[in-house]
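Peer 1: If you want the building blocks of each chain, they are given just below.
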Amino acid sequence: MTSEATATRTVTLEVFRYHPERDDAPSFQSYEVPYREEWVVLDALNWLKDEVDGTLSYRWSCRMGVCGSCGMMVNGRPRLTCNAFLREFMPGPIRVEPLRGFPVERDMVTVLDDFMGKLTDVKPWMIREQEQPVEEGEYRQTPSQLADFKQFSMCINCMLCYAACPVYEHEDEFIGPAALALAQRYNLDSRDQGNAQRQELIWSDEGIWDCTFVGECSAVCPKHVDPAGAIQQAKVEATNSFFLSFLPFTPPGMGR
Amino acid sequence: MPGPLPRQKSNTWWNQRWAYRIVLLRELSSVAVAAYVVLLLLLLVSQVREGEGAFASHVDVLTSPLLWIVHLVILAFAQLHSSTWFALTPKALPLKLGGRRVPDALITAGAYGAWLAVSAVVLVIVLVVA
Chain A
1 MTSEATATRT VTLEVFRYHP ERDDAPSFQS YEVPYREEWV VLDALNWLKD
51 EVDGTLSYRW SCRMGVCGSC GMMVNGRPRL TCNAFLREFM PGPIRVEPLR
101 GFPVERDMVT VLDDFMGKLT DVKPWMIREQ EQPVEEGEYR QTPSQLADFK
151 QFSMCINCML CYAACPVYEH EDEFIGPAAL ALAQRYNLDS RDQGNAQRQE
201 LIWSDEGIWD CTFVGECSAV CPKHVDPAGA IQQAKVEATN SFFLSFLPFT
251 PPGMGR
Chain B
1 MPGPLPRQKS NTWWNQRWAY RIVLLRELSS VAVAAYVVLL LLLLVSQVRE
51 GEGAFASHVD VLTSPLLWIV HLVILAFAQL HSSTWFALTP KALPLKLGGR
101 RVPDALITAG AYGAWLAVSA VVLVIVLVVA
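First to last, the sequence lines map onto chains A and B. Take the first sequence: its letters are residues 1 to 256, numbered as in my numbering. Take the second sequence: its letters are residues 1 to 130, numbered as in my numbering.
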């Protein structure tokens, strides 16, 4: 098919609209968008904003699945709109909504404060009891030690996992998948010594124990981080630690 | 000045995707499994307290057509319970051998293998005792 022929085809986009200064309630607006085989949903939104309605609001940046800005609900599922091809949803219509579980600032722009606060709370950075002087060189790590946490370090904070999590939707206090996975990422890092500082929050009810292992966070993750796995592993660790605390000694390899 | 739209909480989330429905059935399956364990315990108690005759009549009730259906439902739930948790085992218990992660499928296969082995032992005990 020539590109001219494909350009004449269109697809319907049902777009969530909400402008607090204008609308009492959110609504859906339908637009006809040119269909191109190589277009993703984000391309269609950009076309709409450029050609049809400049007031359409949404976040995006890199267009290559790295920045984590363009997450939206596409036909009810959390997706990065930059890697959701129109052709997956043909013949349409394609429904585009803001990520669920978050307050909506305007159209597809969500309020991120809750996530940002919880992310900071788990201290997702390298904690050392004593910083080693630069002259002593870098903190070294074996490939096996790297493999322990590498997967969890791939998170791009796109929050698709939050939008997929029914627990986060209903429990305001739940720290949520990505932040817990990032906590685990540092806890499992052989160079980090911050376990004890993170423990109280991570092992609390709002932490890992709110999770009921629905597993959809891992299913929707565009970076295969597997937050559900991270949380279950932390649960096993917390349980082991609880029972080991009754022993008069620390078994070899269990000291943390 | 009107502010952002507050976050929405849906009471029908569980019915919106098959993945959610199966999770709910998986959680519900523990009720069926627990109920059956209680039933078997009550049977044992009745044998101890009321003797052989009462026990035999209870077993007769258990083999009635209605209870057959109940058994099948509980069996289906027990299968769902086991298979879903075996599928999730590698996420909760990743294994490392020689510095490398054991493939998830192998861990799940190991769980099924252990299940088969235990079932075989139970079968032998039941057949030999009977």
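Hints listed in this document are in silico derivations from the structure and should not be mistaken for laboratory results. The structure presented is a predicted model; accordingly, all values stated were derived computationally and were not measured. Note that the Cβ used here is the ideal one computed from N, Cα and C, for glycine as well. There's no promise every hint is true.
Quick list of the computed label-pair ranges, beta carbon to beta carbon [stated by the list, open to error]: (1) E136(A) - E27(B): 35 to 43 Å; (2) W85(B) - Q193(A): 45 to 53 Å; (3) R9(A) - I74(B): 29 to 37 Å; (4) V33(B) - A219(A): 34 to 42 Å; (5) K96(B) - P103(A): 49 to 57 Å; (6) S27(A) - W115(B): 27 to 35 Å; (7) A117(B) - D121(A): 42 to 50 Å; (8) S144(A) - D60(B): 34 to 42 Å; (9) P143(A) - V33(B): 38 to 46 Å; (10) V31(B) - C62(A): 44 to 52 Å; (11) V73(B) - S144(A): 20 to 28 Å; (12) S10(B) - E37(A): 51 to 59 Å; (13) W115(B) - E14(A): 44 to 52 Å.
Below 27 Å or equal to it, Euclidean Cα-Cα: the simulated DSS-like pairs (lysine-lysine) are [to be verified]: (14) K91(B) - K123(A); (15) K91(B) - K223(A); (16) K91(B) - K49(A); (17) K150(A) - K235(A); (18) K9(B) - K150(A); (19) K49(A) - K96(B); (20) K123(A) - K235(A); (21) K150(A) - K123(A); (22) K91(B) - K235(A); (23) K235(A) - K223(A); (24) K49(A) - K150(A); (25) K150(A) - K96(B); (26) K223(A) - K123(A).
Peer 1: With reference to the structure, classify each hint as holding or not holding.
Peer 2: Evaluation of the provided hints:
A C-beta distance of roughly 51 Å is found between E136(A) and E27(B), which places it outside the suggested range of 35 to 43 Å. Look at W85(B) against Q193(A): about 34 Å separates their beta carbons, and that is not inside 45 to 53 Å. Distance hint check: the CB atoms of R9(A) and I74(B) are about 53 Å apart, inconsistent with the given range 29 to 37 Å. Distance hint check: the CB atoms of V33(B) and A219(A) are about 25 Å apart, inconsistent with the given range 34 to 42 Å.
About 42 Å separates the C-beta atoms of K96(B) and P103(A), a value inconsistent with the hinted range of 49 to 57 Å. Hint check: S27(A) to W115(B), Cβ distance near 52 Å, so the stated range 27 to 35 Å is violated. For the pair A117(B) and D121(A), the beta carbons lie near 45 Å from each other, so the given range of 42 to 50 Å is met. At roughly 60 Å, the beta carbons of S144(A) and D60(B) sit outside the given window of 34 to 42 Å.
Distance hint check for P143(A) and V33(B): the Cβ-Cβ separation is about 42 Å, which falls inside the suggested range of 38 to 46 Å. Between V31(B) and C62(A) the beta carbon distance is about 47 Å. The supplied range of 44 to 52 Å therefore holds. Take V73(B) and S144(A): their Cβ atoms lie about 47 Å apart, and the range 20 to 28 Å is violated. Checking the proposed 51 to 59 Å range against S10(B) and E37(A) shows it is violated: the Cβ atoms sit about 34 Å from each other.
The beta-carbon spacing between W115(B) and E14(A), approximately 47 Å, falls within the hinted interval of 44 to 52 Å. Distance restraint check for K91(B) and K123(A): the Cα-Cα separation of roughly 24 Å lies within the 27 Å cut-off, and the hinted pair is therefore satisfied. For the given pair, K91(B) sits about 16 Å from K223(A) by alpha-carbon distance, which is consistent with the 27 Å threshold. Distance restraint check for K91(B) and K49(A): the Cα-Cα separation of roughly 42 Å exceeds the 27 Å cut-off, and the hinted pair is therefore not satisfied.
For the suggested pair K150(A) and K235(A), the alpha carbons sit about 19 Å apart, so the restraint of at most 27 Å is met. Taking the CA atoms of K9(B) and K150(A), the gap is about 34 Å. The hint is violated against a cut of 27 Å. Between K49(A) and K96(B) the CA atoms are separated by roughly 50 Å; this puts the pair beyond 27 Å, and the hint is violated. Restraint check for K123(A) and K235(A): the C-alpha separation of about 18 Å stays at or below 27 Å, so the hint holds.
Restraint check: the Cα-Cα separation between K150(A) and K123(A) comes to about 17 Å, which is no more than 27 Å; the hinted pair holds. Of the pairs offered as hints, the one joining K91(B) and K235(A) holds, with about 11 Å between alpha carbons and a cut-off of 27 Å not exceeded. Proposed proximity of K235(A) and K223(A) is supported: the alpha carbons are some 23 Å apart, at most 27 Å. Among the hinted pairs, K49(A) with K150(A) is inconsistent with the structure: their alpha-carbon atoms are about 38 Å apart, more than 27 Å.
For the proposed pair K150(A) and K96(B), the alpha carbon gap of about 14 Å is at most 27 Å, so the pair holds. For the proposed pair K223(A) and K123(A), the alpha carbon gap of about 21 Å is at most 27 Å, so the pair holds.
Violated hints, in rising order: 1, 2, 3, 4, 5, 6, 8, 11, 12, 16, 18, 19, 24; the structure is consistent with all others.
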